[in-house]
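A.B. asks: Protein chains in written order, with this note's numbering: chain H, 15 to 116; chain L, 655 to 870.
Simulated from the structure, these hints should not be mistaken for laboratory data.
Note that this is a predicted model, so its numbers are computed, not measured.
Backbone N, C-alpha and C define an ideal beta-carbon position, used for all residues, glycine too.
There may be inaccurate statements among the hints.
As the list claims (entries may be wrong) - Simulated restraints, written as ranges between beta carbons of each label pair:
#1 L:Val866 to H:Ile20: 30 to 36 Å
#2 L:Thr851 to H:Trp78: 27 to 33 Å
#3 L:Leu834 to H:Ile23: 38 to 44 Å
#4 H:Pro46 to L:Pro826: 24 to 30 Å
#5 L:Ala842 to H:Gly86: 16 to 22 Å
Unchecked claim - To spell it out: a stretch of chain L is covered by chain H in this simulated footprint if at least three of its residues, at any positions, have a beta carbon under 8 Å from a beta carbon of chain H; those stretches are:
#6 685 to 699
#7 717 to 726
#8 731 to 743
#9 776 to 786
#10 790 to 799
#11 852 to 866
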Amino acid sequence: MSEIWIVVIVVGATTVLFKATGPLFLARRTLPPRVLALVEVLAPAMLAALVVTQAVAGDRELVWDERLLGLGAGAAAVALRAPLLVVMVVAAATAALTLLLI
Amino acid sequence: MSRPRFRDGVLAALPLAPAPVLFGAAFGLLAREAGFGAVAAIVMSATTFAGSAQFAAASILETGGGAVAAIVAAVLLNARYVPLSVSVASIFPGSAARRLGEAQLIVDESWALSGRSGRFEYLILVGVGLFFYPLWVGGTALGAFAGEAIGDARSLGLDAAFPALFLALLVPYLSSRRALVAALGAAAITLVLIPFTPPGVPIVAASVAALVGLRR
Chain H
15 MSEIWIVVIV VGATTVLFKA TGPLFLARRT LPPRVLALVE VLAPAMLAAL VVTQAVAGDR
75 ELVWDERLLG LGAGAAAVAL RAPLLVVMVV AAATAALTLL LI
Chain L
655 MSRPRFRDGV LAALPLAPAP VLFGAAFGLL AREAGFGAVA AIVMSATTFA GSAQFAAASI
715 LETGGGAVAA IVAAVLLNAR YVPLSVSVAS IFPGSAARRL GEAQLIVDES WALSGRSGRF
775 EYLILVGVGL FFYPLWVGGT ALGAFAGEAI GDARSLGLDA AFPALFLALL VPYLSSRRAL
835 VAALGAAAIT LVLIPFTPPG VPIVAASVAA LVGLRR
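Could you build all of it, start to finish, from the sequences and the hints given here?
C.D. replies: Structure, rendered in structure tokens:
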């Protein structure tokens, strides 16, 4: 089997298992309140980590580029209570414009 | 507000539709350059269904990094699906086979959008996931077959749209002090770890640290 197919199969199988962890193995169990309280803070923690990686992560380096300007514009839209679509369009347009100008 | 329906999931995902097509096409293109056949690229999108891990694996193979490095990077990146999946464990109904299948629709966007109302909504998650899935796989096929004819996702600013989306979804959580501390802590840990660890590790480490720090 080629190297490519080994990667496709191993990564695919692992991801299927990762995604199934909760719904398949923990669904029929009532989690204790303490654990539930932890799961509740998991969402904001993961979202914050996703914001940071999506905005400035490179390949083992921090990259400050047009994404950050786009995120800044998006943050301003969030502060003005713009709908999700507007937030994304503002961020994308700012980043695209930055790339065009530099 | 009435109970969310499947349609609400699709509607929530509608504005995001160009992204999975363009990024899917970009993956298809990169995969071809990395030596994937079109079928292997499409099979990977259909089974893994997680953009960042697929990009990481394909780019490592393309630069000659080898299968082991590609697998390790992709598995680390996708390790975040363990905590994501645990957080929505209780919302999936039905048999084990159905839960296994529908759990595959968990992607960052479907998970994040489904939690918008303060608690995770099954129909939103499945709606967004089912809407994204054919676009992602179809986009991959487009890139793998049609190649360079397609526009560049980065030049359209789509790279910046995603952090903004996640920020917009994060803000409603921040009314609770515990959530604010968890978010700031996770952001700080992620920022510090990015230069020193392989991609994927910072997100997992940050979420674990947030949990450990708030344990009580």
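A.B. asks: Next, verify each hint and record whether it holds.
C.D. replies: Each hint tested on the structure:
1. L:Val866 to H:Ile20: 30 to 36 Å: holds (35 Å)
2. L:Thr851 to H:Trp78: 27 to 33 Å: For Trp78 (chain H) against Thr851 (chain L), whose Cβ atoms are near 19 Å apart, the range 27 to 33 Å is violated.
3. L:Leu834 to H:Ile23: 38 to 44 Å: holds (42 Å)
4. H:Pro46 to L:Pro826: 24 to 30 Å: The hinted range 24 to 30 Å holds for Pro46 (chain H) and Pro826 (chain L), with Cβ atoms some 26 Å apart.
5. L:Ala842 to H:Gly86: 16 to 22 Å: holds (18 Å)
6. 685 to 699: holds (count 7)
7. 717 to 726: It holds, with 4 qualifying residues against the three required.
8. 731 to 743: holds (count 12)
9. 776 to 786: It is violated, with 0 qualifying residues against the three required.
10. 790 to 799: violated (count 0)
11. 852 to 866: holds (count 8)
Violated hints, listed in ascending order, are 2, 9, 10; each of the other numbered hints is respected by the structure.
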